[in-house]
Amino acid sequence: MQLEGIPFRKTGYFSDLINDYLDESDSLKPFYARFPNLESFKLQLEEKKQSFTEKQRTVLVKALRKQYSEVSASARTKEHIKLLSENNTFTIVTGHQLNLFTGPLYFLYKIISTINLCTTLRKKYPDYHFVPVYWMATEDHDFEEINYFNFKGKKLQWNRESEGAVGSLSTKGLDGVLQMLTLEMGAGKFAAGLKHLFKEAYLKHDDLASATRYLANELFGKEGLVIVDGDDALLKRALVPYIKQDL
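In terms of the working numbering, the sequence shown opens at residue 44 and continues consecutively.
Do not take every clue at face value.
[Claimed, not checked] Pairwise CB distance ranges (calculated):
# : residue 1 : residue 2 : range
1 : Lys153    : Glu187    : 18 to 24 Å
2 : Leu71     : Asp185    : 26 to 32 Å
3 : Val104    : Ala235    : 34 to 40 Å
4 : Leu237    : Asp59     : 37 to 43 Å
5 : Asp218    : Lys153    : 35 to 41 Å
6 : Arg52     : Lys153    : 42 to 48 Å
7 : Lys153    : Phe57     : 14 to 20 Å
These aren't lab readings, by the way, just hints derived from the structure by calculation. This structure is a prediction, so every number in the text was calculated from the model and none was measured. Just so it is clear, CB atoms sit at the ideal spot from N, CA and C, and this is done for glycine as well.
Could you build the full structure based on these sequences and the hints that come with them?
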């Protein structure tokens, strides 16, 4: 099979603004520091190296070790957390809401792309370490955006009352959603493994944050993915000076 690509502009799908950005139009360059190509990372690395202190790295590692205290982390993930203490280690971060049962496919694509970019950067800049990070949006309040997903043309929904941060929501009631999903999945080649994975994630963890961490860790832990829950007292204390500055 021979594949041929077409320019973004010719698809007719993207706005002029997006097309101009992707074309690196001079008219937009005053609005961002660097275009995200491999060559730009060199200056970005030097900038981040100067701006992120040893103290901040210590806080991050301490918070992550606490968050992973009851998680079966892979040797590679543990090594990545340890490497975050070193000033030649940098993170490539993606973030996403706590969609049920992974939700839209781009949740997986975002994490896979992050892992792949780390691999590419290690080859381009061998003197540095690159750690893929998934930032869980545990403090998001928009439950209506994450309480359903579409599968085989059907909308499977978690019906319950919700207020506050979604990460702290009890997983009670998700057994019914899993039962509906199980029926729709049938007995395909990978169905049994997925059913077991979802059961372990959502029926054996008390809150949505823990369930989502388990799920992402099982899927990508072997690749060294580090999962961050921003709803963390240690991490929030590090934010205080920036909030004061804004005020």
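Checked hints:
| no. | hint | verdict |
| --- | --- | --- |
| 1 | Lys153 <-> Glu187: 18 to 24 Å | holds, 21 Å |
| 2 | Leu71 <-> Asp185: 26 to 32 Å | holds, 30 Å |
| 3 | Val104 <-> Ala235: 34 to 40 Å | holds, 38 Å |
| 4 | Leu237 <-> Asp59: 37 to 43 Å | holds, 41 Å |
| 5 | Asp218 <-> Lys153: 35 to 41 Å | violated, 28 Å |
| 6 | Arg52 <-> Lys153: 42 to 48 Å | violated, 24 Å |
| 7 | Lys153 <-> Phe57: 14 to 20 Å | holds, 19 Å |
Of the hints listed earlier, those the structure fails to meet are numbers 5, 6, in rising order.
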